[in-house]
Amino acid sequence: MNQPLAYIHPEAKIAQNVVVEPFSTIYKNVEIGEGTWVGPNVTIMEGARIGKNCKLYPGCVISAAPQDLKYKGEASTVHIGDNTVIRECVTINRGTAMDKNTTNIGDNCLVMAYVHIAHDCIIGNNVILVNSVQLAGHIEIQDFVIVGGTTAVQQFVKIGAHAMVGGGSLVRKDVPPFVKAAREPLTYAGINSIGLRRRGFSNEKINEIQDIYRTLFLGGLNHSKALDKIELEMVPSDERDEIINFFRTSERGVIRGYSQKDAD
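The sequence shown begins at 1 in the numbering used here and counts up by one.
Treat the hints as calculated values from the structure; they're not laboratory data.
A few of these clues could be false.
Simulated DEER-style distance windows between Cβ atoms [to be verified]:
hint, residue 1, residue 2, range
1, Pro236, Phe156, 55 to 61 Å
2, Arg252, Glu204, 29 to 35 Å
3, Arg252, Gly167, 18 to 24 Å
4, Gly253, Ala97, 36 to 42 Å
5, Gly73, Glu231, 20 to 26 Å
The structure displayed is predicted, hence computed values, not measured ones.
Note that the Cβ used here is the ideal one computed from N, Cα and C, for glycine as well.
Based on the sequences and whatever the hints tell you, model everything.
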């Protein structure tokens, strides 16, 4: 049901049961899947690909041109998966030809009010970005991550699956999977055990992850030696290998462990 006060470009591909409320604008080269609700005063620009059963709240702007001086008007996209909620005044910029040519947000995500997602970001499934999170370009956030409100994330940073970043953080380095990160400067603050239990991880698996991070952050070894020790002494598992791979492929470097010097 499209309100007469909304503008939809005739070349936009909108599923039959999409609801578009008054004063929203949908440009050409846009695709919107079944069951999606587009609230009032929403702007969806060229290159947007929006999945099924999404909700777009008033004031959000989807697929605007990147805020990147290297961008020269090339065609690029924003992909938003199914069942994702975009709250008020969120801005999501499309990708650039210099990188992925797309900005991608997965399924079942909640992007709260005033969040900015810059060009070429890759956001996994079941991610929650709390109010006023600001993501620079080229960031990767993996599945089941929660980023607390007013957090700013520097470009090219990677946040591993099931991690939780405390509100008001400045994220300058990669945050590994399964952990909590907090304080300033941002440091390891333990395992995200509550989140892991909610997602069905057993106590044995949580203890295994805890042992790995004790070796990495509390064992008195640098990361390279700690990873060698983990690989040599700990039984292989998907979680062990995911953590090892994350550290070894990090390009920005990984956040460090908390020390008493930080408290002083």
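Do the hints match the structure? See the list:
1. Pro236 to Phe156: 55 to 61 Å: At roughly 30 Å between Cβ atoms, Phe156 and Pro236 fall outside 55 to 61 Å, so the hint is violated.
2. Arg252 to Glu204: 29 to 35 Å: At roughly 32 Å between Cβ atoms, Glu204 and Arg252 fall inside 29 to 35 Å, so the hint holds.
3. Arg252 to Gly167: 18 to 24 Å: 21 Å, holds
4. Gly253 to Ala97: 36 to 42 Å: Given a distance of about 28 Å, which is not inside 36 to 42 Å, the answer is violated.
5. Gly73 to Glu231: 20 to 26 Å: 47 Å, violated
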